[in-house]
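Engineer: Sequence:
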Amino acid sequence: MRTVNAGKLIDQTAASSSSTAVAARRSAQRRKHAILLGRVVLFVLVIGGWQLTTALGILDPFFFGSPSGIVARLWDWMQHGTAYGSLWEQIWVTLEESLLGFAAGVASGVLLGVLLGESQFLAEVVGPYIKIVNALPRIVLGSVLVMWLGLGMPSKVVLAAILVFFVVFFNAFQGVRSVDRNLVANSRILGASRLQIVWHVIFPSAMTWIIASLHVALGFSIIGAIVGEFLGAQRGLGLVIATAQNTFDANGVFGAMLIIGIVALSAEALMAILEKRLLSWQPPSSHDGDVPGV
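FYI, in my numbering the residues of the sequence shown are 140 to 433.
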């Protein structure tokens, strides 16, 4: 009798767990549908309202542009190119500058962040100078780099790398300082060298901080490339925006901005995939999805 009752209890528990899991999946599915619907409604309200107000003359399309005008400008660029060549060439130039700047900024930021995070002496010596450079306006840095390196790609890559560096550096530095010192002490007791401790204990522990900074750094790399092109360039989306602004082509400005937004969202999606791969060893967070677009 006790065995039969125990079996019934197990079956009831399993059935309850199964129904709870099904209810949770349905709730998550409904939430996804609600989010998608909300995004579509918001898009229709903004774009539809923009088009309607310009069509009725409430907003002057000469200064504010219009969605239909933006689509027409983009179609013209795709068919006939921009004043500086093919539209795809401008996109590729900006993307290449951003990726090179991103790679250089991440590598230098992680390296220096871990190094200064491990060495209190170096942190106190170099820290004030890093803060001074970080306080400089980026427009000023971009202008100086254009004077030093010219209108070509190097000045844009360096500016993008500088913007990325500070974001990654401060996160890597704080991540190293936040490592559990008991883990470091236990590793030393077990005979690990300082390099082994950094590679196997400190760096993995700080990885969460570093990965979190990459989402912001990726956007900053694109901003750095665009700002550099805006200040002076031979090709790129920033130059297209600057030319459209100088000719009062509002549709051209918004069209180029739309392209930049699409590129940024695509890169962010790839970064999210990379983050899941690099942090697959961590347990899933209950706050996943709190950040818009993630």
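Derived by calculation from the structure, the hints in this document are not laboratory data. Hints should not be assumed to be uniformly reliable.
With beta-carbon atoms standing in for the labels, derived distance ranges [what the hints assert, rightly or not]:
1. L176 x I197: 43 to 53 Å
2. R169 x P293: 47 to 57 Å
3. Q373 x A163: 48 to 58 Å
In this text, a Cβ means the ideal position worked out from N, Cα and C, and glycines have one as well.
Engineer: Output the indices of the hints that this structure fails to meet, ascending.
Structural biologist: Hint 1 alone not satisfied by this model.
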